[in-house]
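Enquirer: Residue numbers (the working numbering), protein chains in the order written: chain D, 1 to 447; chain E, 1 to 460.
Derived from the structure by calculation, the hints contain no laboratory data. Keep in mind that the hints are not guaranteed to be accurate.
Said to hold, decoys possible - Here are the simulated distance ranges between beta carbons:
{"#": "1", "chain 1": "D", "residue 1": "Gly305", "chain 2": "E", "residue 2": "Arg388", "range": "47 to 55 Å"}
{"#": "2", "chain 1": "E", "residue 1": "Leu440", "chain 2": "D", "residue 2": "Asp292", "range": "52 to 60 Å"}
{"#": "3", "chain 1": "D", "residue 1": "Arg198", "chain 2": "E", "residue 2": "Asp229", "range": "43 to 51 Å"}
{"#": "4", "chain 1": "E", "residue 1": "Asp264", "chain 2": "D", "residue 2": "Lys291", "range": "34 to 42 Å"}
{"#": "5", "chain 1": "E", "residue 1": "Pro271", "chain 2": "D", "residue 2": "Glu184", "range": "50 to 58 Å"}
{"#": "6", "chain 1": "D", "residue 1": "Pro327", "chain 2": "E", "residue 2": "Val314", "range": "53 to 61 Å"}
{"#": "7", "chain 1": "D", "residue 1": "Ser399", "chain 2": "E", "residue 2": "Met121", "range": "51 to 59 Å"}
{"#": "8", "chain 1": "D", "residue 1": "Ala235", "chain 2": "E", "residue 2": "Pro271", "range": "29 to 37 Å"}
{"#": "9", "chain 1": "E", "residue 1": "Val318", "chain 2": "D", "residue 2": "Asp21", "range": "46 to 54 Å"}
As the list claims (entries may be wrong) - Simulated crosslink set (EDC-like; lysine to aspartate or glutamate; CA at most 16 Å straight-line):
{"#": "10", "chain 1": "E", "residue 1": "Lys39", "chain 2": "D", "residue 2": "Asp63"}
{"#": "11", "chain 1": "E", "residue 1": "Lys39", "chain 2": "D", "residue 2": "Asp21"}
{"#": "12", "chain 1": "D", "residue 1": "Lys291", "chain 2": "D", "residue 2": "Glu65"}
{"#": "13", "chain 1": "D", "residue 1": "Lys291", "chain 2": "D", "residue 2": "Asp21"}
{"#": "14", "chain 1": "E", "residue 1": "Lys39", "chain 2": "E", "residue 2": "Asp26"}
Stated by the list, open to error - A short list of chain D residues far from chain E (calculated; beta carbon distances all over 12 Å):
{"#": "15", "residue": "Leu33"}
{"#": "16", "residue": "Arg52"}
{"#": "17", "residue": "Thr124"}
{"#": "18", "residue": "His285"}
{"#": "19", "residue": "Asp292"}
{"#": "20", "residue": "Val381"}
{"#": "21", "residue": "Ser399"}
All residues carry an ideal CB built from backbone N, CA and C; glycine is no exception.
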Amino acid sequence: MLVELAKSRDGERPSYLKGLDYSVVQQCMHCGLCLPTCPTYDATQLERNSPRGRIALMRSIADGELTATETFADEMYFCLGCLACMTACPAGVNYAELFEQARAEAESARVLTSPWRRFIRMITLNWLFMDHARLQVLGRLMRLYQTTGLQGLIRRCGIMELMPGRLRDLESMIPEIQPNFSDELIAPRSLPKSGAARYRVALLTGCAQDLIFSDVNRDTLEVLQENGCEVITPANQPCCGSLHAHNGEWETAKVLARRQLDLLPPDQFDAIITNAAGCGSHLKHYASLLKDDPVYLARAEEWDGKVKDIHEWLVEIQFRQPEAKRPEVQLVTYHEACHLCHGQNITSQPRDILKAIPGCELTELPESNWCCGSAGIYNIVQPEMANDLLDRKLAHIESTRAHVVATGNPGCLLHIQNGVRKQGSDLRLAHPVTLLAEAYRREAHGE
Amino acid sequence: MGLKNQVLQALSTRLGPKNVLTRREDLIPYSFDGTAALKQLPGCVVFVRSPEEIADVLRLANQTKTAVVTRGSGTGLSGGSLPSRDCIVMCTVRMNRILEVDERNLTLLTEPGVTTLDISMAAERVGLFYPPDPGSMKISTIGGNVAENSGGLRGLKYGVTRNYVMGLEVVLPTGELMWLGNKCVKDVAGYSLKDLFVGSEGTLGVITKVLLRLIPLPGTKKTMVATFDEMDRAAEAVSAIIAAKIIPCTLEFLDRTTIQCVEDFAKIGLPLDCEALLLMETDGHRAVVAEEAKAMAKICRQQGCRELRVAKTVAEGVKLASARRSAFSALARMAPTTILEDATVPRSELATMIRFVDQIAKKYELRIGTFGHMGDGNLHPTFLTDERDQKEMHRVEEAFKEIFDEAIRLGGTITGEHGVGLAKKAFLPRFLGDTQIDVLRKLRKVLDPAGILNPGKMFD
Ligand SMILES: Cc1cc2nc3c(=O)[nH]c(=O)nc-3n(C[C@H](O)[C@H](O)[C@H](O)COP(=O)(O)OP(=O)(O)OC[C@H]3O[C@@H](n4cnc5c(N)ncnc54)[C@H](O)[C@@H]3O)c2cc1C
Ligand code: SF4
Ligand code: SF4
Chain D
1 MLVELAKSRD
11 GERPSYLKGL
21 DYSVVQQCMH
31 CGLCLPTCPT
41 YDATQLERNS
51 PRGRIALMRS
61 IADGELTATE
71 TFADEMYFCL
81 GCLACMTACP
91 AGVNYAELFE
101 QARAEAESAR
111 VLTSPWRRFI
121 RMITLNWLFM
131 DHARLQVLGR
141 LMRLYQTTGL
151 QGLIRRCGIM
161 ELMPGRLRDL
171 ESMIPEIQPN
181 FSDELIAPRS
191 LPKSGAARYR
201 VALLTGCAQD
211 LIFSDVNRDT
221 LEVLQENGCE
231 VITPANQPCC
241 GSLHAHNGEW
251 ETAKVLARRQ
261 LDLLPPDQFD
271 AIITNAAGCG
281 SHLKHYASLL
291 KDDPVYLARA
301 EEWDGKVKDI
311 HEWLVEIQFR
321 QPEAKRPEVQ
331 LVTYHEACHL
341 CHGQNITSQP
351 RDILKAIPGC
361 ELTELPESNW
371 CCGSAGIYNI
381 VQPEMANDLL
391 DRKLAHIEST
401 RAHVVATGNP
411 GCLLHIQNGV
421 RKQGSDLRLA
431 HPVTLLAEAY
441 RREAHGE
Chain E
1 MGLKNQVLQA
11 LSTRLGPKNV
21 LTRREDLIPY
31 SFDGTAALKQ
41 LPGCVVFVRS
51 PEEIADVLRL
61 ANQTKTAVVT
71 RGSGTGLSGG
81 SLPSRDCIVM
91 CTVRMNRILE
101 VDERNLTLLT
111 EPGVTTLDIS
121 MAAERVGLFY
131 PPDPGSMKIS
141 TIGGNVAENS
151 GGLRGLKYGV
161 TRNYVMGLEV
171 VLPTGELMWL
181 GNKCVKDVAG
191 YSLKDLFVGS
201 EGTLGVITKV
211 LLRLIPLPGT
221 KKTMVATFDE
231 MDRAAEAVSA
241 IIAAKIIPCT
251 LEFLDRTTIQ
261 CVEDFAKIGL
271 PLDCEALLLM
281 ETDGHRAVVA
291 EEAKAMAKIC
301 RQQGCRELRV
311 AKTVAEGVKL
321 ASARRSAFSA
331 LARMAPTTIL
341 EDATVPRSEL
351 ATMIRFVDQI
361 AKKYELRIGT
371 FGHMGDGNLH
381 PTFLTDERDQ
391 KEMHRVEEAF
401 KEIFDEAIRL
411 GGTITGEHGV
421 GLAKKAFLPR
431 FLGDTQIDVL
441 RKLRKVLDPA
451 GILNPGKMFD
């Protein structure tokens, strides 16, 4: 609810938090009921690291009792943005909006000045994730690094041991790049497997998703085709802007939202499908992002209503349950991506899908909706907290004795996969849609 | 002015610099509790881990005449843990170990920073039951519960926190440590000082250990929801149930506004078109539960209830109770500021009180949502307002004065469970009378001669 960027007292800098409709800031009645669900508060038991405390800091800025200091900015980046507090809050506090505005406030105050941080942000947010072609080029280079044996060589020869720990960790986090990106796997227009199209949908291929999980995109396409959808998948899609909005680049997020709306005018589709939870929870709020844009607002409102997470959509259109002659029994557990369960309130649908897969035995994961620590790029900027959360998640996974962990977000898939790999376990990580697509394929082979 | 450097130095030496917070960004989140419209920055916040550390902090405070405010999770609703200016906020949340569950004596020994929910779960794990369940139980600390003598949804049958405190370890403001009470069911040695500390709102000493009484977990329970077209009818139903000599464990009430807010949050299919809703729960032996449930249903029907729904499973019952627990916070959906009251009347006067609150809301043109522990005669009329609207805030104050007067006239009290703190301090002297206030003052002076512990709270 960005009314107008209010001028901050100390001069010309616009203040995002002061510009917020005060009722959003004031909504928190400090009952504390969100505290036990907040992973950072759970870790430190400091009010500052809790939703209630963070909101109090934001309100102090809105009230002019505090300025956006470095400590404030650090705090906003220590928050995972997992939104567990939103699910817990009976008072209906819109933490998602507060959090994005608070990070934007921190960025516009320029209090986090480390040159390394500025460099990384410039390269990623302002360059790489602004143009998908650049991202693909980088993807190709990384793929080369991995397939030519260079990665193995570097890892073996011990040169990494000379690097500072952070860099070493980063290297080990580089995901495996897919040989083919989405546009090589998916045609711009695909028809249903059989029969006439019942729905016309657009498929969003994502940015990181496209490089690392183009196979999940293909699986998503197949599943849609199996269920009577005509699927439009433009090549070279822009980033949806969620990364930017979550990281205080509010204006850039608006630019990217407009590009998305131009590329895929919502009036041409029954639904706009995403299979990445983090993107979905941002994509559904273009209208509040573009609130002050008279040209785009109406389109954004229609868009918001049509964006569907793949699980949500499949259940809505009553997806077909695959059949199997000899179902392959597998014990599966489900980790809830924060931005699915807390961000979009989608909890039963992925489970419904898993339960519909022949042979799939779903066993509940303890604390399934507790953040795994991936949280966008959190695991890169706050490795300690992220690793603690990962360890906690892995321990719960182990307790289920499942062979497969299903989760509907690329960030979580990667983060947990890294943890599993370090443990040397052969646990499989998969998007629920991948498991469903496999079941349809087995069915087609008459298995 | 700020806290003296020498005090901060000493605290940091004793507790370790990490356990002493002084930065503005660290203090702001401790400048309020659950009470609306109260705010004050402390001088510092310290985290303590043992009775010895607490004693040291208090001795230092005594020497330097520094105010100390003990704080659990800061969910209090009367401003009890609101800092005073330049004070030390002493936070107990890291004293969070349950020390012993004694199944032979049915007791549980715990540190003060453990949450109420954790205690209740620890008891349940061994088939025992800790009944007090304030709406805030997932985060409120047992130390806070004892200090406020908190109630909950099961007060009607099981009583309040006081009924479960068998022993306390406290540190006096002057730094001495003492144990009060024990595991004996009977004990009449000396004055019951333990009972003085229950409900003392952090003014007489700091609770460092709590010995709780547990009871056997009831065999079964049944939860029901009845809806009414008039609030009066619901109140009459409650009076009739009690007059019929049935003491269910829960008789909770929500009005139309509150039902809407709770449903908005919890989405459990509460009926939205009624004026009042009663949440009823009976527990115990299967046969008794069945009989009581039947009798209550009959009474509700006699009182013209519109619909009666019985929870099919225990899980559904738990869901309903949890939804009820969110009532107060959920009301905050309606307005920027929610100020709730805690007036309590003898149960026979409930219907009169409810009508009166309604009239007052109309008279002062205020929006109001009411819910509460109806079986205890404990209502929470909640004004939905905006603290920035000075005129309306003034009307809220006037309305409260009238509500208190009426509660007292009906033989009730100004606070049933949230405590006096700052919020009701102005009303206490009149309610208690000169003699009682005088005794309270003298008592406090004996225990806290320098007046360092939670100064300015409850009474001057
Ligand atoms: C949503 C909500 C629902 C609620 N529902 C109920 C309800 O149903 N029934 C009810 O009775 N109350 C209820 N409350 C009020 C509140 O939760 C209780 O008063 C609770 O006991 C406070 O616990 P706390 O740990 O938050 O204490 P705090 O708020 O931190 O402190 C409360 C008081 O206790 C003192 N104190 C805390 N710890 C100690 C200690 N170790 N030694 C000495 N003094 C100490 C403090 O100085 C202060 O005066 C509710 C509050 C909220 C926000
Ligand atoms: S965010 Fe919601 S749950 Fe948390 S303290 Fe504020 S009102 Fe309560
Ligand atoms: S988003 Fe997550 S980490 Fe941040 S305050 Fe909410 S619960 Fe805590």
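Enquirer: Minimum Cβ separation between Arg52 of chain D and chain E greater than 12 Å?
Expert: The assertion about Arg52 of chain D is violated, with a minimum of 7 Å to chain E.
Enquirer: Using the Cβ atoms, figure out if Leu440 of chain E sits within 52 to 60 Å of Asp292 of chain D.
Expert: Holds - the Cβ-Cβ distance for Leu440 of chain E and Asp292 of chain D, about 58 Å, lies within 52 to 60 Å.
Enquirer: Is the Cβ of Leu33 of chain D more than 12 Å away from each Cβ in chain E?
Expert: Violated: least Cβ distance 6 Å, not greater than 12 Å.
Enquirer: So does Pro271 of chain E sit 50 to 58 Å from Glu184 of chain D, Cβ to Cβ?
Expert: holds (55 Å)
Enquirer: With respect to the beta-carbon atoms only, verify the hint that Val318 of chain E and Asp21 of chain D lie 46 to 54 Å apart.
Expert: Roughly 36 Å apart at Cβ, these two residues miss the hinted range, so it is violated.
Enquirer: Examine each Cβ of chain E, and state whether all of them lie more than 12 Å from the Cβ of Ser399 of chain D.
Expert: Its Cβ never comes within 12 Å of chain E, the nearest being 17 Å, so this holds.
Enquirer: Kindly confirm whether 51 to 59 Å is satisfied by the beta carbon distance between Ser399 of chain D and Met121 of chain E.
Expert: Given about 18 Å between the Cβ atoms, the range is violated.
Enquirer: Beyond 12 Å from every chain E Cβ: check whether that's true for His285 of chain D.
Expert: holds (19 Å)
Enquirer: Is it true that the CA of Lys39 of chain E sits at most 16 Å from the CA of Asp26 of chain E?
Expert: holds (15 Å)
Enquirer: Could you grab the alpha-carbon distance between Lys39 of chain E and Asp21 of chain D and see if it respects the 16 Å cut-off?
Expert: violated (21 Å)
Enquirer: Per the hint of 47 to 55 Å, is the separation of the Cβ atoms of Gly305 of chain D and Arg388 of chain E within bounds?
Expert: violated (34 Å)
Enquirer: Take the C-beta atom of Pro327 of chain D and the C-beta atom of Val314 of chain E, compute their distance, and say whether it sits inside 53 to 61 Å.
Expert: violated (34 Å)
The structure shown violates the earlier hints numbered 1, 4, 6, 7, 8, 9, 11, 12, 15, 16.
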